[in-house]
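Undergrad: Sequence:
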Amino acid sequence: MLLLSRLAENLYWIGRYMERAENTARLLNVNYYASLESAGRVSEHWRPLLELTGGEGPLLERYGQLDTRSATAWLAFDLENPSSIASSLARARQNARGLRDRIPSEMWEAVNRSYLNLCFETGDVMDRDGLYEYCVAAREAAQFFFGIAFATLPRDEGWSFLRSGQLLERADNTVRVLQARVDSPQDPAALGGPADPTARALQEQQWVSVLKGASAFEAYRKSAHSGIDPRGVAGFLLFDEYFPRSLRYSAENLHDALAQIDRHHPGAHPEILRLSRWLVARLQYARIDDILERRSPSLPELLIEINRVGAAIDTAYFQQE
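For what it's worth, the UniProt record's numbering labels the leading residue of the sequence shown as 1, then goes sequentially.
Please keep in mind that the hints were generated in silico from the structure rather than gathered at the bench. It is possible that part of the hints are untrue.
To be verified - Only pairs whose alpha carbons sit at most 16 Å apart, straight line, appear in this in silico EDC-like list of lysine to aspartate or glutamate:
1. 222 to 196
2. 222 to 240
3. 212 to 229
When you get a sec, could you build the whole thing from the sequences and use the hints?
TA: Shown next as structure tokens:
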């Protein structure tokens, strides 16, 4: 049975928003506690994370200054930030309301519960030192939702749209996190160049945060059997074919989900599959040195190609009558 474009779009964006909430919660939690141990300027510590969500300009307009409290509030509770945890959960719930008769009741209950529990919090969470619990609750809410979807949602076109949204958001986030770290002025040895012991220790701490922000620390250590090497970390997050949050894994499974959708619309939108397959092919044959040294494909190029897939999905399936 073919989905109406509105229903397909709702499922797609539920997948994106729930994944975004989880990503933001994980990155915020890691960054907040790393900032407490950092000797650098607070603004420099938070700036790379804010760049993932549109930069610090909107935050300064709203709060007037960039410090740990304003950055945390902006990323966690502020509904005016479209990438905050609360905003992502609220938008996921808004999309799910229109699907209450089309999705398992457990999925709706999971989204609604996370909205009621997490979207009305304020800076009081900081006052009672509850940010860790808030971020864990947001992360677990998203994981619980996708677990229910995996266990109860029929593997039809709706599942493929939900999965496409989740994987596209995950791929986008992975590239942005790596780009923020590689381009960070705090990390002059980002590509593994010479550094004094103090700078090297800081570099290792920053790349450990990158791994923990992707729930990849244990998986990387198991795979690498060595210390924290920037090229090794970047290569793992970009190319590992078995780690669920690597760019390659996300791209391959995104292509599979889009191919499943195409079976319901045979040959109607070949450009989507061409773009998604091209992304997979580039990751299969790219070298980490080419990417990190801004040769083709660079991180900005990969991000553009991910966004092209998203734009093609939107044009093909959601902008038609």
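Undergrad: Evaluate each hint against the coordinates.
TA: Structure-based check of each hint:
The straight-line distance between the Cα atoms of residue 222 and residue 196 is roughly 27 Å, outside the 16 Å bound, and the hint therefore fails. Between residue 222 and residue 240 the CA atoms are separated by roughly 12 Å; this keeps the pair inside 16 Å, and the hint holds. Simply put, residue 212 and residue 229 have alpha-carbon atoms about 14 Å apart, close enough for the 16 Å limit, and the pair holds.
Hint check: a violation occurs at hint 1 only; the rest are consistent with the structure.
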